[in-house]
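Protein chains: 4
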Amino acid sequence: MLLKKLREEVLEANLELVKRGLVLYTFGNASGVDREQGLVVIKPSGVDYDVLKPEQMVVTDLHGKIVEGEFKPSSDLDTHTLLYREFLDIGAVVHTHSEFATSFAQAGLPIPAFGTTHADYFYGPVPVTKVLTDEAIGGRYVHETGLAIVERFRQGGIDPMAVPACLVNGHAPFAWGRNAHDAAHNAVVLEAVARMAYRTVSLKANADEVSQALLDRHYFRKHGAKATYGQ
Amino acid sequence: MLLKKLREEVLEANLELVKRGLVLYTFGNASGVDREQGLVVIKPSGVDYDVLKPEQMVVTDLHGKIVEGEFKPSSDLDTHTLLYREFLDIGAVVHTHSEFATSFAQAGLPIPAFGTTHADYFYGPVPVTKVLTDEAIGGRYVHETGLAIVERFRQGGIDPMAVPACLVNGHAPFAWGRNAHDAAHNAVVLEAVARMAYRTVSLKANADEVSQALLDRHYFRKHGAKATYGQ
Amino acid sequence: MLLKKLREEVLEANLELVKRGLVLYTFGNASGVDREQGLVVIKPSGVDYDVLKPEQMVVTDLHGKIVEGEFKPSSDLDTHTLLYREFLDIGAVVHTHSEFATSFAQAGLPIPAFGTTHADYFYGPVPVTKVLTDEAIGGRYVHETGLAIVERFRQGGIDPMAVPACLVNGHAPFAWGRNAHDAAHNAVVLEAVARMAYRTVSLKANADEVSQALLDRHYFRKHGAKATYGQ
Amino acid sequence: MLLKKLREEVLEANLELVKRGLVLYTFGNASGVDREQGLVVIKPSGVDYDVLKPEQMVVTDLHGKIVEGEFKPSSDLDTHTLLYREFLDIGAVVHTHSEFATSFAQAGLPIPAFGTTHADYFYGPVPVTKVLTDEAIGGRYVHETGLAIVERFRQGGIDPMAVPACLVNGHAPFAWGRNAHDAAHNAVVLEAVARMAYRTVSLKANADEVSQALLDRHYFRKHGAKATYGQ
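Chains as they are written, first to last, in this note's numbering: chain A, 1 to 231; chain B, 1 to 231; chain C, 1 to 231; chain D, 1 to 231.
There's no promise every hint is true.
Which copy is meant is left open, because identical chains are indistinguishable; a pair holds if it fits in one copy or across any two.
[To be verified] Derived DSS-like pairs (lysine-lysine); straight-line CA-CA distance at most 27 Å:
(1) 65 / 226
(2) 19 / 53
(3) 130 / 204
(4) 222 / 19
(5) 222 / 130
(6) 204 / 5
(7) 222 / 72
(8) 65 / 19
(9) 226 / 5
(10) 4 / 72
(11) 204 / 4
(12) 19 / 204
(13) 72 / 130
(14) 222 / 65
(15) 72 / 226
(16) 4 / 130
(17) 19 / 5
(18) 19 / 226
(19) 222 / 53
(20) 4 / 226
Calculated directly from the structure, the hints in this document are not laboratory data.
With the rest of the complex left out, here is chain A (with noise of 0.2 Å):
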């Protein structure tokens, strides 16, 4: 059996976001690269967490081209396989329909950067991506919702791996991260500071964002070679 290790990597990934409370029924997915050998896992589509195995994980190419697994893949598999082919240093993907930071993407609206929390993980706000014209949700859906993420932080000037995460906009969220453990991480805190997000603009609506000082100190904090969080 191929990526024994990935698989149950990518299985943990998966039963974290349930743990978590941000997938119901089968909702939700998390796939994992080997760089490598240029293999995917993903989970499979519709199979229910509880009963989830390491081995009915499937193994594609990075074109979504099934190399092992007697299942189909998770039905937003070509997303997952162009954000692995675009942002070459990501590891793993997950993607859920996790309730505050969906409702900012059915509602069109980034999750602006209000506090410390989001600058621990995300430096600057989480984008949301164009709304999908008819031709590509015709064509190939899949792969488009791909193309709009990459497309988003193109154009934004937006660093994939300083801003895990994006909006689909009508849709749901994307995280990723250097490996499955960190890209379910980033999916339960990107939940977690939609929440607050959404609570603050309750509060307040023109609410400031954080400054670009406390940006930086947060974010470095945790990330890059000067972190100095945890052991």
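Since the structure of chain A is already known, use the hints to place chains B, C and D on it.
Just chains B, C and D now, with coordinates in the frame of chain A:
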């Protein structure tokens, strides 16, 4: 004992509503129909969920006449039987007072199709009935509740299999499906969709619904002859 | 030991409040009355719920004089006893600081009868008292709290058995019932109804209350000589 | 090992924050001070709560110099030690990013004293600091955070023992108390009070705070020489 398997499925659907936090105390009820025999199995009225047993389910004909059972049926029975008589493809009906769907019903507002979570299950907004007249309320009230649902679908040209739920104005939601499992599942997703619609309009009062193209793409990914989701 | 059964019922009502998430730490209290003996059983002040025992309940007369018990009674005792002296059909009183009902109390707003969930339990809006005067607060404050409730019902011509709860302005809800079980049940439903009323006005600021016809239909389905709900 | 009992109390306070849903992952931290020895016990940085042990707590002096411990202390240490140096009656400090209190902090708004739940614990609004300057953020940021809190209390003439919490603008709350148990308790109640304040202003934008008389009555019922609450 009549309809052993259907009793178990209906009980399981009732318990799923409890497990997912959709009902408080003895609120809510689920039923199922055996089309061949023309019999309905429904939860008894006001019995605690944690002591409910399959043999306590009440069996009636399609006009609510009790055929088997020691207990009184749910007080909403006449709405269930009317829906079975009018919506010929449905196999089960679920009624809850789940928090967010009920709040839309109380506000007299439909649940707009704001995102793909909605589109995966409901092919358009979840409609709300007209306000019942005093005559209807004073007369065969529970029957009239069912009539209001059917009228809303007929007048709106809505296919009950494509939009498997309706909000009763000033009351709460009814959901249905091909079988008891599906009906409960739809009621659970309806509540999740209502939560996110509530958050969406809080964030942006005039938020746009998804395009017809996105509605088509997501709905038909999970439903109909060309469905690709799941195994 | 006096009133063994009533102690157990009062303890159970207190624990029901914890189980349903209505109280934090030692907030909240329930009491019951034995009308024949003219005795009240009430939770002791500030004792952790998870170590509460029936024998720790405090027994007082209808004016709050301690008859049996090693512990100090709940600091809200004088509100409870006043309600027993003035509302002669009630058998138990429950006080919580449950989140949504308390928020209406803090806003100085009644809970409108927006739907059938409300109508099933409360035959009209749940009223809110006037703001207590500085004199009342500086004087027999806990007694005055009870007076404000009674005054609100008397002046509004509200039957305390038909609307078994009141919000104390700037404070929190009191609920009551024929016995301890009912009073706790009413407090739990009050919170559910408050949650949905909050959501309803968020969705539609000027939402309509249910019609008198619907209020009648639902309330009398569960209460009075012609009740049909349950077994 | 130094300060065995204090380590256990600080650990217990940290775990109370987890139990009450105030922290996500390794967010949040609690510390305690031994005034006689001039030593502070604080949670290590970024260690999972479910493996935390008393011996992993870090001991520092009142200026944050490590005296005992293999782990790095919480990154917020300098705020804790400053508060101990400036607020001489406090025995413990707790910092969380709890959802509603943090949302008020992100909106730059104090938590008004809308009801008796608030008045039972906080003798007036819970204040919010000024926005930190870029110089403060770029300099001794964690120390400056503590300074902003102290300055807010000094300039507002607020007694830190009467209002045992402060919101740091754009960041999150700090709470404190006579000992670790009290500080955690205050942080938990702060979040409950913030939730209800959020609901209150949602229901009524210009809601009134409680009167000075009610604030006095409730606060002094639980605090000071004449307290009557509890056993």
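Evaluation of the provided hints:
Proximity of residue 65 and residue 226 under a CA criterion of 27 Å is satisfied inter-copy only: 21 Å between copies versus 40 Å inside one chain copy. Taking the closest pair of Cα atoms, residue 19 and residue 53 come within 27 Å of each other both inside a single copy (16 Å) and across two copies (24 Å). In this homomeric assembly, residue 130 and residue 204 come within 27 Å of each other (Cα to Cα) both inside a single copy, at 26 Å, and across copies, at 16 Å. Taking the shortest alpha-carbon separations for residue 222 and residue 19, both the intra-copy value of 24 Å and the inter-copy value of 25 Å come in at or below 27 Å.
Only between protomers do residue 222 and residue 130 lie at most 27 Å apart by alpha-carbon distance; the minimum there is 24 Å, versus 30 Å within a single protomer. Proximity of residue 204 and residue 5 under a CA criterion of 27 Å is satisfied in neither setting, with 46 Å inside one chain copy and 44 Å between copies. With identical chains, the CA atoms of residue 222 and residue 72 are at most 27 Å apart between copies only, with a shortest distance of 14 Å across copies and 38 Å within one. Taking CA atoms no more than 27 Å apart as the test, residue 65 paired with residue 19 passes in neither setting, with 30 Å inside one copy and 38 Å between copies.
Taking the closest pair of Cα atoms, residue 226 and residue 5 never come within 27 Å of each other, the shortest separation being 30 Å inside a single copy and 35 Å across copies. Proximity of residue 4 and residue 72 under a CA criterion of 27 Å is satisfied intra-copy only: 18 Å inside one chain copy versus 35 Å between copies. Proximity of residue 204 and residue 4 under a CA criterion of 27 Å is satisfied in neither setting, with 49 Å inside one chain copy and 45 Å between copies. In this assembly of identical chains, the alpha carbons of residue 19 and residue 204 never lie at most 27 Å apart, being 32 Å within a copy and 30 Å across copies at closest.
Taking identical chains as interchangeable, the C-alpha atoms of residue 72 and residue 130 are never at most 27 Å apart, the minima being 29 Å within one chain and 44 Å between chains. With identical chains, the CA atoms of residue 222 and residue 65 are at most 27 Å apart between copies only, with a shortest distance of 22 Å across copies and 37 Å within one. Within a single copy, residue 72 and residue 226 get their C-alpha atoms only as close as 43 Å, which misses the 27 Å cut-off; across copies the closest is 15 Å, which meets it. Proximity of residue 4 to residue 130 under the C-alpha cut-off of 27 Å is found in neither arrangement, the shortest distances being 38 Å within a copy and 52 Å between copies.
Taking the shortest alpha-carbon separations for residue 19 and residue 5, only the intra-copy value of 21 Å comes in at or below 27 Å, while the best inter-copy value is 32 Å. For the homomeric pair residue 19 and residue 226, neither the shortest alpha-carbon distance inside one copy (32 Å) nor that between copies (33 Å) is at most 27 Å. For the identical chains of this complex, residue 222 and residue 53 are inter-copy neighbours only, at 24 Å across copies versus 33 Å inside a copy, given an alpha-carbon limit of 27 Å. Taking the shortest Cα distances, residue 4 and residue 226 never come within 27 Å of each other, neither inside one copy (34 Å) nor across copies (34 Å).
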